[in-house]
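Given the coordinates of chain A, assemble chain B onto it according to the supplied hints.
Number of protein chains: 2
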Amino acid sequence: MSHFTVTATDGAARAGILRTGHGDVRTPAFMPVGTKGTVKSLDPDELRAVGSQIILGNTYHLHFRPGDELIAELGSLHAFSGWDGPILTDSGGFQVFSLRDTLLAVDDDGVTFRSVYDGAPERFTPELAAQIQRNLGSDIAMCLDVCPPAGVTRAELEEVVRRTSLWAARQRQTDRADGQLVFGITQGAADEELRRRSIEELVALDFDGYALGGLAVGESREEMFAATTWAAPLLPPERPRYFMGIGDAEGILRVIGAGIDLFDCVLPTRTARTGSALTGSGRLNLKNARFARDPRPLEEGCGCPACARFSRAYIRHLINQEELLGLRLLSLHNLHFLLELTAGARAAIERGELRAYTAERLSRLAARPQEDPWDS
Amino acid sequence: MSHFTVTATDGAARAGILRTGHGDVRTPAFMPVGTKGTVKSLDPDELRAVGSQIILGNTYHLHFRPGDELIAELGSLHAFSGWDGPILTDSGGFQVFSLRDTLLAVDDDGVTFRSVYDGAPERFTPELAAQIQRNLGSDIAMCLDVCPPAGVTRAELEEVVRRTSLWAARQRQTDRADGQLVFGITQGAADEELRRRSIEELVALDFDGYALGGLAVGESREEMFAATTWAAPLLPPERPRYFMGIGDAEGILRVIGAGIDLFDCVLPTRTARTGSALTGSGRLNLKNARFARDPRPLEEGCGCPACARFSRAYIRHLINQEELLGLRLLSLHNLHFLLELTAGARAAIERGELRAYTAERLSRLAARPQEDPWDS
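For the protein sequence lines, the chains are A and B, in the order given. For the first sequence, our numbering begins at 1 and goes up steadily by one. For the second sequence, our numbering begins at 377 and goes up steadily by one.
For the record, the hints were derived by calculation from the structure and aren't laboratory data. We treat Cβ as the ideally placed atom computed from N, Cα and C, and that holds for glycine. Don't take each hint at face value.
[Unchecked claim] Residues on chain A that point at chain B, a partial pick, calculated with CB under 7 Å:
1. Lys36
2. Ser41
3. Phe64
4. Ala72
5. Leu74
6. Phe80
7. Gly82
8. Ala308
9. Arg309
10. Tyr314
11. His317
12. Gln321
13. Leu324
Just chain A, with the same shape it has in the complex (with noise of 0.2 Å):
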């Protein structure tokens, strides 16, 4: 049996099942990111209580805190951490080339930079990439690939596909955990022919899953989405599509209407950061004095852990106090508003609605001025 069936579809949207060594994934699905092996501030239960089926890994930061052999030498990252369901973990590239201060050198064998833990010259290789992700023991373990700032030329966005194409044939020759699946990611921006010539090259080394890398930074947003619709479809349609970061409402809607099944963002833990609530009408700055006395649930009619039992007004209290109960109360709550939001959006490609869905939600957020999704 294939580790990935489409069990229905509706114009370009897919629902399927993702199946790991860890158990299966209904897709579309959002991915709550646990960064350092943790998603900040919840635990596994609570992870599981508000519909989490998999969770992100980063192997840039655990690589170097606490290190992925002491994570091997305890089992996995999943025996580390305590979370027994499917874990994804990013190659690292981002990261390298994100914290751009840290950056050294890029060339066809990898990439140097200094470690943003102690200063030190690091270089990360494909072969490294994978022998992490190795030691974390994930399910689905991502190629490194280079991952360009906006703004760059197309000579050197022409450069990026192909180095990352060299190292995606690097990376595919190492060894895997057992049962562990490998996504390739491709690059090129929202230039149409590079992005072609990416998915191609990918494509021809027969991955597990692919990935839309290097949309999410750069382009507008109409730019984003539109790219995403041309290039999801040049995809097999047989393999996972993953959009690499991307989590306000409205983004996971229309990457999932164009093709999209796995997505992952920190939005929801770090607005709660920011003391903000995700609803259905936009967001709540739960800062904002009008909430000291609201007696309501973060949202009416939401089923979330916070929303059960306590109010705006307490939460608001806990945040403008710094108490860490509101950070997870918001955390809970958000991560709860994307994945049901998420829910959703499969139930609907199952009955053939996504588009009446679609138009419902965003109807909805668009009622109240929403603040902006990339603010944060």
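Using the frame of chain A, we list chain B on its own:
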């Protein structure tokens, strides 16, 4: 039926049941401290899971943030915080007098100080302390007392006792929330004559319970235990006795042995914030490199949620990376440790074996040099 029943005695120690408007408390009982309407980092379900029967709220802090009137408007501190069990609120006296940079003046009418929140001059009187606690709707309200610093002269201490009795008499005349119990606080440090006078004056006012205040500051540990040993029996046996501010394992066992029923301390959560775990054989500083690859739970055989699933290595990683889950797991464990220690003492009293239980627990603690329980 009285609100307090002694169900067993063992030497000076007692086991009993304290009945409140939000349920019974089996004594001796350790009370976790929820200063600002939350026991730091934990939610009500977690507090229950580790065996909390009653928690503390803080009159001073809740008066200023979010405001006791706001809490009253939303129901009570129970409704506001989601903890539906018994709550004891302190009177604010300890904060007013211990945040000494902010103390402005004390007279027979009350005490003037600068709020730590905005520096504005504020005044507490017995009547206001009662009113705030009425608004909070706590199950047990405490009298406003004068808390002297260490090293006051005997004349100053005599004045503390006089004024504390004066204030207690006034607070005794105030209205209370429905079903609210009110406890008096005795002063006098370790001066036998003054402590005896304070107790007699307070007992004459007929409170629902009595606290030994001002013993956990100033005196040496041995003087403090000696004073507790002669002072506790001066309190009426049919009323609950509360030792304010003790929470290390040895201290808990010794005040229980002296006949104390209730005690509180921020030590378990504060110790967690320093990255340390309380165990039967002393403290573990998780930052110590020797725990980096330690697959064992914080304490073998411990039934707390942290020990059920997570290793020392993982918790150390979380602490070192300042991940909030680490603080939560240590807080859960440390509270569970003290609550379990106290439950064990209660069971030992019921069997008439407190002396042996205390000796066994203290010998295990002494087997490995314990870090100073007062260092945090």
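So, going through the hints one by one against the coordinates:
Of the supplied interface hints, the one on Lys36(A) holds, with its beta-carbon coming within about 5 Å of a beta-carbon of chain B, less than 7 Å. With a cut of 7 Å, the hint placing Ser41(A) at the interface with chain B holds, because the nearest CB-to-CB distance is about 4 Å. Hint on Phe64(A) is violated. Least Cβ distance to chain B is approximately 10 Å, over the 7 Å limit. Hint status for Ala72(A) relative to chain B: violated, with the closest Cβ pair at about 11 Å, above 7 Å.
For Leu74(A), the interface hint holds, the least distance from its beta-carbon to any beta-carbon of chain B being 6 Å, beneath 7 Å. Interface restraint check for Phe80(A): the shortest CB-CB distance to chain B comes to about 5 Å, inside 7 Å, so the restraint holds. For Gly82(A), the shortest C-beta to C-beta distance to chain B is roughly 5 Å, which falls under 7 Å, so the interface hint holds. Residue-level restraint check for Ala308(A) is violated (minimum Cβ-Cβ distance to chain B is 9 Å; threshold 7 Å).
Of the supplied interface hints, the one on Arg309(A) holds, with its beta-carbon coming within about 5 Å of a beta-carbon of chain B, less than 7 Å. Interface hint at Tyr314(A): satisfied, since its Cβ lies 5 Å from the closest Cβ of chain B, which is below the 7 Å cut-off. Hint on His317(A) holds. Least Cβ distance to chain B is approximately 4 Å, under the 7 Å limit. Interface restraint check for Gln321(A): the shortest CB-CB distance to chain B comes to about 5 Å, inside 7 Å, so the restraint holds.
The closest approach between the C-beta of Leu324(A) and any C-beta of chain B is roughly 4 Å, which is under the 7 Å cut-off, so the hint is satisfied.
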